[in-house]
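*Asks:* Here is how the chains run, residue by residue.
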Amino acid sequence: MSTAIETMVKFEVFRYQPDWDEPTYQVYDVPYREDWVVLDALNYIKDTIDGSLTYRWSCRMGVCGSCGAMVNGYPKLTCAAFLSEYLPGPIRVEPLVNFNVERDLVTDLEGFMEKLESVQPWIIREDGATDDLKSEYLQTPSQHAAYQQFSMCINCLLCYAACPVSSHSEEFIGPAALALAQRYNLDTRDEGVEQRRDVILKDEGIWECSFVGECSAVCPKHVDPAGAIQQAKMTGAIDYYRRLLMPWTVKS
Amino acid sequence: MRGRSHEPIFWSVFGLGGIVAAIFIPVIIFVTGIGGAAGWEAVSGALAHGEDGIGALLRHAPVRAVLGLIMALAAVHAAHRIRHTLIDLHVHAPPAVLIVASYGAAAVVSVLTAIVLALF
Numbered sequence: 000m001s002t003a004i005e006t007m008v009k010f011e012v013f014r015y016q017p018d019w020d021e022p023t024y025q026v027y028d029v030p031y032r033e034d035w036v037v038l039d040a041l042n043y044i045k046d047t048i049d050g051s052l053t054y055r056w057s058c059r060m061g062v063c064g065s066c067g068a069m070v071n072g073y074p075k076l077t078c079a080a081f082l083s084e085y086l087p088g089p090i091r092v093e094p095l096v097n098f099n100v101e102r103d104l105v106t107d108l109e110g111f112m113e114k115l116e117s118v119q120p121w122i123i124r125e126d127g128a129t130d131d132l133k134s135e136y137l138q139t140p141s142q143h144a145a146y147q148q149f150s151m152c153i154n155c156l157l158c159y160a161a162c163p164v165s166s167h168s169e170e171f172i173g174p175a176a177l178a179l180a181q182r183y184n185l186d187t188r189d190e191g192v193e194q195r196r197d198v199i200l201k202d203e204g205i206w207e208c209s210f211v212g213e214c215s216a217v218c219p220k221h222v223d224p225a226g227a228i229q230q231a232k233m234t235g236a237i238d239y240y241r242r243l244l245m246p247w248t249v250k251s
Numbered sequence: 000m001r002g003r004s005h006e007p008i009f010w011s012v013f014g015l016g017g018i019v020a021a022i023f024i025p026v027i028i029f030v031t032g033i034g035g036a037a038g039w040e041a042v043s044g045a046l047a048h049g050e051d052g053i054g055a056l057l058r059h060a061p062v063r064a065v066l067g068l069i070m071a072l073a074a075v076h077a078a079h080r081i082r083h084t085l086i087d088l089h090v091h092a093p094p095a096v097l098i099v100a101s102y103g104a105a106a107v108v109s110v111l112t113a114i115v116l117a118l119f
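Chains as they are written, first to last, in numbering that gives the first Met the number 0: chain P, 0 to 251; chain V, 0 to 119.
Hints were generated in silico from the structure; no laboratory data involved.
Just so we're clear, the structure is a prediction, and the values are computed from it rather than from any experiment.
Glycine included, C-beta positions come from ideal geometry on N, C-alpha and C.
Don't take every hint at face value.
[Said to hold, decoys possible] Residues of chain P clear of chain V, computed beta-carbon distances all greater than 10 Å:
(1) Gln-25
(2) Phe-111
(3) His-167
(4) Gly-204
[Unchecked claim] Rough simulated footprint, nothing fancy, chain V against chain P, three-plus residues with beta-carbon under 8 Å:
(5) 31–42
(6) 72–78
(7) 189–202
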C-alpha cells in the first residue's frame, strides 16, 4: 500500500442545463492516474462526485466519434486526451465550440446532420443499381487509394470546432461533410457528381473556406478535409470557367 | 444554376499569384539583391552592361512587363488572403466593402508598380 499523497487534478467543467439562465463552470478534483484520459476523469466525476454531469461517449477508443470536447480550448476526443499531457492542471472541459449546447457537454448535432445529408454521402448510380445487391463494381487499388483517407471520417466534428469559417457562418457546409462529398465524388463506382454539384459549388459550399487548415490539424483520424476542399475548388474553378467560356460543353 | 458562386474568379487569381510569388519572388530577391551584390558572376556580368546595373536590366521592356505581372499577381494573392482573414476574424463589414477595399488596394499597388516601371 502506497503512503504517498495521491496527486489530484483540478477539472473545470462547463455546466449548463436547459432551465438555467446562464452556463457556469464547476470545479471537481479528480485523482491522477497515468493511464487515464479526460473521458476517464469525466466518468469518475459522474460515477463518484456528480451524477448529473452529461456528456456523450461510447467506444473509449477513437472510433465512435462521440466524445469530442474542447480540452483546455482545443478540440479533442476526450478518450484520446491523456491527463499526463495537461499536468499539473487545471483541465478545462467545454462543449465543442461552433455548436449550440443542449446540456453540459452535449451539443446539438441537427444542423450538421442536415448538411451531411445535403451532400448525399452515399454511392449514387444513374441506373439505380445500388438497389440490386447482386451487382459487383470492381475497383483497382489506386482507384481505392484516391478516396480512402477521406472515408476514415468518424463524424466527431472536431473539425467544425476548429474551423474559423464555421464560427461565423452557420450555413457553411463545413469540413467533414465536404470531405465526405469529395470521398464519393472521387469513388469510381459513384455517378453522383452532378447531383452534388449544386450544393458544393455554392458560396456556403467550398467557396467560403479560407484554407486555414485547422480542420486537418485537429482530425484524430488523419483525414485531410482542407485538402479535399482544395481539390474540389480546383474542379469547381475549372467547371466555372468552362460554363463561362464554353457553355455549350456543359449540361445546365 | 442558382446560388452559383463567383468566388472562382478571385480564387484562381489568388492561386496563380501564390504560385508566382513563391517561385519567382525569392529568385528575384536573390538575383537582384544578393547575387549581384555578392559579385555572383552570372548576375554581375548581366548587370555590368549599364552604369546603374539594375536600371540597365529594367530598360528591357519584357523584363518590366514580367516584373509588373509578378507584382500584380502577388498583390491580388495578398489581398485575397487579407480579405478572408478579416472575415475569419469576424470583421463585420458588408462583403462588397471588403472586396472593394482588398482587391482595390491590390489594384492601386499594381498601378503604382506599372507607373514606377514605366519610368525606366
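*Asks:* Against each hint, give a clear statement of whether it holds in the structure.
*Replies:* Hint-by-hint comparison with the structure:
The beta carbon of P:Gln-25 is kept farther than 10 Å from every beta carbon of chain V, the shortest such distance being approximately 29 Å. No Cβ of chain V comes within 10 Å of the Cβ of P:Phe-111; the nearest lies about 20 Å off, and the non-interface call holds. Its closest Cβ contact with chain V, about 6 Å, brings P:His-167 to no more than 10 Å, contrary to its assignment away from the interface. Not every CB of chain V is more than 10 Å from the CB of P:Gly-204 (nearest about 7 Å), against its label as outside the interface.
Only when three residues or more bring their CB closer than 8 Å to a CB of chain V does the claim for the segment 31–42 of chain P stand; here the count is 0, and the claim is violated. Evaluation of the coverage hint for the segment 72–78 of chain P: breached, as 0 residues show C-beta separations to chain V shorter than 8 Å, against a requirement of three. Coverage of a stretch by a chain is defined here by at least three residues with a beta carbon nearer than 8 Å to that chain's beta carbons; for the segment 189–202 of chain P and chain V the count is 5, and the condition holds.
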